[in-house]
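Novice: All chains, full assembly: derive it from the sequences and hints.
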Amino acid sequence: MSESNGYAVRTAGVWKIFQQEAEEVQAVRDVSLTIERGEFTALAGPSGSGKTTLLNLIGGLTRPTRGEIWVAGSELGALSNRELAQLRLEEVGFVFQAYNLLPVLSALENAEFPMLLQGTPAAERAARVQELFERTGMTGLEDRRPGKLSGGQQQRVAVVRAVASQPALVLADEPTANLDSHASEALLDMMAELNRELGVTFVFATHDGHVMERSRRLVRMVDGAIDSDETRS
Amino acid sequence: MHFGVITMLALRNLRRNLRRTILTATAFIIGGALLTFAQTFGDGTHEQWIDSGVRTGSGHVTVEVPEFRVSRKIEDRLPGGTLQLVRKAVESSAAADRVTDVFYRLTINGLATSASGARPAQILGVDPTIEASLSPLDEQVVEGRYLKKDDRLAAFVGAGLVDALDLRIGSRLVVMAQDAHKEVAGQLVRVVGIFRTGIAELDDSVIHVPIATAGEWLGTGRDLTNVGVMVDSSVAVPGLVRHLRRELAEPIAKGDATVMGWREAMPSLHAAVLVDEWGGYLMLGILFVIVGFSIINTVLMSVLHRHREFGVLQALGLTPRQTASVVLVEGLLQTVVCALIGVGVGLAITAAFSGGIDISELYNDQEMQFSGVAIDPVIVPMVTPVRILYILGFMMFVGIVSSVYPAMRAATIDVTESMKFER
Ligand SMILES: Nc1ncnc2c1ncn2[C@@H]1O[C@H](COP(=O)(O)OP(=O)(O)OP(=O)(O)O)[C@@H](O)[C@H]1O
Ligand SMILES: [Mg+2]
Chain A
0 MSESNGYAVR TAGVWKIFQQ EAEEVQAVRD VSLTIERGEF TALAGPSGSG KTTLLNLIGG
60 LTRPTRGEIW VAGSELGALS NRELAQLRLE EVGFVFQAYN LLPVLSALEN AEFPMLLQGT
120 PAAERAARVQ ELFERTGMTG LEDRRPGKLS GGQQQRVAVV RAVASQPALV LADEPTANLD
180 SHASEALLDM MAELNRELGV TFVFATHDGH VMERSRRLVR MVDGAIDSDE TRS
Chain B
0 MHFGVITMLA LRNLRRNLRR TILTATAFII GGALLTFAQT FGDGTHEQWI DSGVRTGSGH
60 VTVEVPEFRV SRKIEDRLPG GTLQLVRKAV ESSAAADRVT DVFYRLTING LATSASGARP
120 AQILGVDPTI EASLSPLDEQ VVEGRYLKKD DRLAAFVGAG LVDALDLRIG SRLVVMAQDA
180 HKEVAGQLVR VVGIFRTGIA ELDDSVIHVP IATAGEWLGT GRDLTNVGVM VDSSVAVPGL
240 VRHLRRELAE PIAKGDATVM GWREAMPSLH AAVLVDEWGG YLMLGILFVI VGFSIINTVL
300 MSVLHRHREF GVLQALGLTP RQTASVVLVE GLLQTVVCAL IGVGVGLAIT AAFSGGIDIS
360 ELYNDQEMQF SGVAIDPVIV PMVTPVRILY ILGFMMFVGI VSSVYPAMRA ATIDVTESMK
420 FER
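Protein chains in written order, with numbering that gives the first Met the number 0: chain A, 0 to 232; chain B, 0 to 422.
The set of hints was computed from the structure by calculation and includes no laboratory data.
Values in this document were obtained by computation on a predicted structure and should not be read as measured data.
One thing to keep in mind: the hints can contain errors.
Using C-beta positions, here's what the derived DEER-type ranges look like [said to hold, decoys possible]:
1. M300/B <-> T64/A: 54 to 60 Å
2. P376/B <-> P102/A: 56 to 62 Å
3. G139/A <-> M300/B: 33 to 39 Å
4. E89/A <-> A350/B: 51 to 57 Å
5. K419/B <-> G139/A: 43 to 49 Å
6. E133/A <-> N296/B: 44 to 50 Å
7. P102/A <-> I289/B: 28 to 34 Å
8. R320/B <-> T138/A: 54 to 60 Å
9. M300/B <-> Q129/A: 33 to 39 Å
Chain A residues, not near chain B, derived (Cβ > 10 Å throughout) [unchecked claim]:
10. A21
11. V24
12. L75
13. P113
Which residues of chain A face chain B? A few of them, derived with a C-beta cut under 8 Å, are [said to hold, decoys possible]:
14. W14
15. N55
16. T61
17. A77
18. R81
19. F95
20. Q96
21. A97
Glycine included, each C-beta is placed from N, C-alpha and C at the ideal position.
Specialist: Laid out in structure tokens, this is it:
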């Protein structure tokens, strides 16, 4: 589906307004944004500027108050919750700001979970996760439960989980927040390679200068709205 | 439907919350064991009632002329040969090996008279040999003996009747009733035994005489008023009734015979069993509503603690319905296993009491009776496959129903809210 359109994500006049007691919070304000397939884009902006909310909207985890969002050629507003779930399973990889690993599964099982849902054969699942674990310095921690991993280690498992099933689009919320510069470079190398070799589209929400530097496009948000949008050559 | 994944998650979650799982499981297992024992004990009790009832009454299945039940008159007797017909039908039945006895009687209402007066009496012409092995009356002898094979003018009389007519062993009395020619006929008999059951209905009116004597007296020859069939378990009754109705279709169509199971023949006994059963169901229903609510509570608590997890599952591509099924499968797995264990434990308890439980102490030496039926105080629990299946089905129903609400909660959580990053 995404082949028939040039873009991976398109939003048109998207608003997300939360009702906080008597007060209205405009978390995302009139965002119109097109992200081409194969982009490596960072969303930057101060805390509370709406980055996470925008990623959640794009991933179909929450519905916009106004406006339209297309992902992989489908307008999300036209999809049922079931169809949204299906779209996430097949097209989208998430890295959540709070990692959100499943506590009852080991690191390896967490990382291969989306592939398990997709029905990928066990051997292939294991091979892909092992390789990505090696590249992110997670080898030897496969059998640990998330509760027995550090924040940085959990974050790496979360990143591997998002990319291992080779989705068309990866939405990563602060994927390097808890990593030292060495580990975060390794993760970025890995993602950049997936981007180059498989054409996976990456959208990051980030405060991390490294990530911004290595992104080809930098979208800055302020108070829920797009403030600037630069693409480097 | 990701069934494998859902089952794995459910199993992992049950294991992670081992303490809670064990607590819930224990409640369910104890409930199941109690339920099983209570039901087998209840069924055993009812079987006892039924058994005692049909022994003093007309058998598990009775064949008689339709009018006889009400009229109790000799003119409403079965044509000769019916006994043979019933015997043959029983032999060809699928339940043949469950039949313990086929017996026959000539039962009529009449009058018993002595020098001291007259009393209405229920006079039973019986085959002493069969009756001795069948009727509980021969075990209730207080004086003398029960009828014997070659007795002719002998009578076995209830103690109440004996008192009223001022009789003793060896006394003569005359039994009177309308005979086959619609004339009043009398027969002189001698008291050989006196019984006391403690049940007025029996003690004050029942007289057993040899069936041959009765046949001569009433001019009925070898005719009978009723043929009874005894089986080893009341479970076999409905099938046997159907079979006999098929085999005796001809006399039934002519109005010469009717086939009744004990439920029809002894409606008050049936009603008593039903009332007691439903009383039991009500108690168990209440027990399981309580167990059910405690399950709802624990499952719901576990769902509330796992909001984030259910959010993640949906974010990763499980549909709300699949998310709900993680909770349902958890409940189902636990329920199935616990129901099986609980019923197993219940059956083990039942087996431990397979020799019977003497409940006579509960009754302070009073004779236990039930709608005119004396009851053996030793209850042997009864296990039937149908009952066990009902119990398993009921427990699983309770387990699943109590997971439905928590499952709905898991399905309808706010995904982004549940996965929020807390600083
Ligand atoms: N469920 C919610 N209900 C009410 N307000 C919300 C909700 N989610 C987000 N907000 C508000 O919307 C605004 C944007 O939040 P968001 O989490 O998208 O910011 P962010 O850019 O990701 O910030 P950070 O860099 O701290 O992660 C904030 O003011 C936040 O308080
Ligand atoms: Mg955020």
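Novice: If a hint holds in the structure, say so; if it does not, say that too.
Specialist: Hint check results:
1. M300/B <-> T64/A: 54 to 60 Å: 34 Å, violated
2. P376/B <-> P102/A: 56 to 62 Å: 58 Å, holds
3. G139/A <-> M300/B: 33 to 39 Å: Holds, since G139/A and M300/B (Cβ atoms, about 36 Å apart) stay within the stated range.
4. E89/A <-> A350/B: 51 to 57 Å: 55 Å, holds
5. K419/B <-> G139/A: 43 to 49 Å: 31 Å, violated
6. E133/A <-> N296/B: 44 to 50 Å: 46 Å, holds
7. P102/A <-> I289/B: 28 to 34 Å: 31 Å, holds
8. R320/B <-> T138/A: 54 to 60 Å: At 37 Å between Cβs, range violated.
9. M300/B <-> Q129/A: 33 to 39 Å: Taking Cβ atoms as reference, M300/B and Q129/A lie about 38 Å apart, which means the hint holds.
10. A21: 19 Å, holds
11. V24: 14 Å, holds
12. L75: It holds; L75/A is separated from chain B by about 14 Å at its closest Cβ, greater than 10 Å.
13. P113: 6 Å, violated
14. W14: 16 Å, violated
15. N55: 5 Å, holds
16. T61: 5 Å, holds
17. A77: 17 Å, violated
18. R81: 5 Å, holds
19. F95: 6 Å, holds
20. Q96: 4 Å, holds
21. A97: 4 Å, holds
Hints 1, 5, 8, 13, 14 and 17 from the list above are not met by this structure, while the remaining hints are.
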